[in-house]
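Q: Here is what each chain is made of, one letter per residue.
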Amino acid sequence: MTARMKALASFALAATLALTDCQAIKQGAADIIASTGKVSREDAQSLVKTAEVVRSTFAEITEEEEYYIGRATAALILSKYKPYRNEALNGYINVMGTALAYNSDRPETYGGYHFLVLDTDEVNAMAAPGGFVFVTMGLVKRCGDEETLAAILAHEIGHVAERHGLQSIKKSRFIDAFKVIGSEASRQFNSEELAKVTGIFEGVLGDVVETLVERGYDRKFEYEADKLALSFAVRTGYSPGGLAEFLVGMEEHKPSGTAAGWFKTHPSPADRLARVKTETAALGAAPAKLDVRTARFAEAVENLR
Amino acid sequence: MKKHARLMFLIAAVLVVFVFLLAETVVVKIRTTNIRRDPKFTSPAVATIKAGDALEKLEARDGWVKVKTKAGVVGWLHSTAVETKKFDLLALDKTMKTQASAGEIALAAKGFNKQVEDKYRAGNAAADFAAVDAMEKVKPTAAEVEAFLKQGKLGEFGGAR
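In order, the protein sequence lines correspond to chains A and B. Residues in the first sequence are numbered consecutively from 5, following the numbering used here. Residues in the second sequence are numbered consecutively from 1355, following the numbering used here.
Mixed in with the good hints there might be a few duds.
DMTMM-like mimics (lysine to aspartate or glutamate), calculated; alpha carbons at most 20 Å apart, straight line [as the list claims (entries may be wrong)]:
hint	chain 1	residue 1	chain 2	residue 2
1	A	Lys224	A	Asp109
2	B	Lys1493	A	Glu91
3	B	Lys1473	A	Glu68
4	B	Lys1491	B	Glu1510
5	A	Lys86	B	Glu1437
6	B	Lys1491	A	Asp123
7	B	Lys1383	A	Asp109
8	B	Lys1473	A	Glu196
9	A	Lys84	B	Asp1392
10	B	Lys1504	A	Asp295
11	B	Lys1473	A	Glu91
Some chain B residues close to chain A (C-beta under 8 Å, calculated; not the full set) [to be verified]:
hint	residue
12	Val1400
13	Ala1405
14	Leu1412
15	Val1427
16	Val1428
17	Gly1465
18	Val1470
19	Tyr1474
20	Asp1482
21	Phe1483
22	Pro1494
23	Lys1507
Hints were generated in silico from the structure; no laboratory data involved. Yeah, the Cβ is synthetic: ideal placement off N, Cα and C, and Gly gets one too.
Please build the complete structure, drawing on both the sequences and the hints.
A: In structure tokens:
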């Protein structure tokens, strides 16, 4: 079989296999190629394999894979910060967060959305891929009402919906991964492959955690998440004013020294506020803030120490 | 050259057949979720489905897909829970132009599964997976979310435009 023919057949097969994961169909495709008589059965099988690699470069990361990256990222965040043990408060933010996720652009993720308050006075919020959303106790204390907390949760849901966390993964990881698992369709690795893939997994986690905790997202992702936060909050029935209110508060409490935590990982509140105000105005008529929500928020945060 | 043309023809034929066979099938891509009676999350569940389940697509509306299970149950799923087994040339073109790294991400993530997590956990005792497991256990029901919306006069209960 000539190299040109191999390349052509491989490309055509890639297109065909993009349609299906069915093993029988793959075998059928290999049989068809072998039946032409020009190609040995081994050659035909290897063509199908090559085509699968081409196919995988067209596909996006699967929900399940994102979930495992998210779980491990969350586990690393939880090695740095402990959960705040307050069942009522965690229940409250989970039901609020789920309501916002229902009204987001991506309500369904592999393992679903989960929200947790972290026991620290630092002011921060983070979302690990797949829907593990964290807000610190210090941040909850800064919120004056339910609209504000909803805006923050909606902003984090925005990061998850747009898969911002995954976009911090360095390109070199993909090249390394290609060397190990490029043509391997099996879900079970042998011990040597497993060690290599786990090494790459650790690298991926390093990239994601560094971005979430230390470096912060590219500012264009933060602006995008703000815009989505307004949209998701309003769709849920919240006043869009919560986000602006929060940013005003953060600007007022801006530390004078070196930026740390939230201030280090986010663009300046004043910068975001200007954009948020413009986008809020563009929304037109929107729901108003209601006392019934502010009252239940006050109740939920009553016992924060 | 004749053989070559015949091969190309066969592959093209296979391609066309698959497009027609799979055009109206969707596959569940999340671990588990409910099929609902109406296209909204607070609507009663009529069936529970899991990753990999193939469903017949009957209709699409406002981000929701009306599906039929193999058992014949009909209901609605949010479109983010499923992928359509249809080769969409337009979407492919868009992906290549705007998300150059999406394919590379797919490649890297291929194989990040439970086996890899277990191996990682064995070498990273500090990573607190037990706390993540506990976090995952908290999952409000649709009824709880509905009660929350109602009490807060949110969504269909008063707040939305």
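Q: Please go over all the hints and tell whether each is borne out by the structure.
A: Structure-based check of all given hints:
{"no.": "1", "hint": "A:Lys224 <-> A:Asp109", "result": "holds (18 Å)"}
{"no.": "2", "hint": "B:Lys1493 <-> A:Glu91", "result": "holds (12 Å)"}
{"no.": "3", "hint": "B:Lys1473 <-> A:Glu68", "result": "holds (17 Å)"}
{"no.": "4", "hint": "B:Lys1491 <-> B:Glu1510", "result": "violated (28 Å)"}
{"no.": "5", "hint": "A:Lys86 <-> B:Glu1437", "result": "violated (36 Å)"}
{"no.": "6", "hint": "B:Lys1491 <-> A:Asp123", "result": "holds (19 Å)"}
{"no.": "7", "hint": "B:Lys1383 <-> A:Asp109", "result": "holds (16 Å)"}
{"no.": "8", "hint": "B:Lys1473 <-> A:Glu196", "result": "holds (12 Å)"}
{"no.": "9", "hint": "A:Lys84 <-> B:Asp1392", "result": "violated (43 Å)"}
{"no.": "10", "hint": "B:Lys1504 <-> A:Asp295", "result": "holds (14 Å)"}
{"no.": "11", "hint": "B:Lys1473 <-> A:Glu91", "result": "violated (32 Å)"}
{"no.": "12", "hint": "Val1400", "result": "violated (17 Å)"}
{"no.": "13", "hint": "Ala1405", "result": "holds (7 Å)"}
{"no.": "14", "hint": "Leu1412", "result": "violated (19 Å)"}
{"no.": "15", "hint": "Val1427", "result": "violated (18 Å)"}
{"no.": "16", "hint": "Val1428", "result": "violated (19 Å)"}
{"no.": "17", "hint": "Gly1465", "result": "holds (5 Å)"}
{"no.": "18", "hint": "Val1470", "result": "holds (5 Å)"}
{"no.": "19", "hint": "Tyr1474", "result": "holds (5 Å)"}
{"no.": "20", "hint": "Asp1482", "result": "holds (4 Å)"}
{"no.": "21", "hint": "Phe1483", "result": "holds (5 Å)"}
{"no.": "22", "hint": "Pro1494", "result": "holds (4 Å)"}
{"no.": "23", "hint": "Lys1507", "result": "holds (6 Å)"}
Violated hints, listed in ascending order, are 4, 5, 9, 11, 12, 14, 15 and 16; each of the other numbered hints is respected by the structure.
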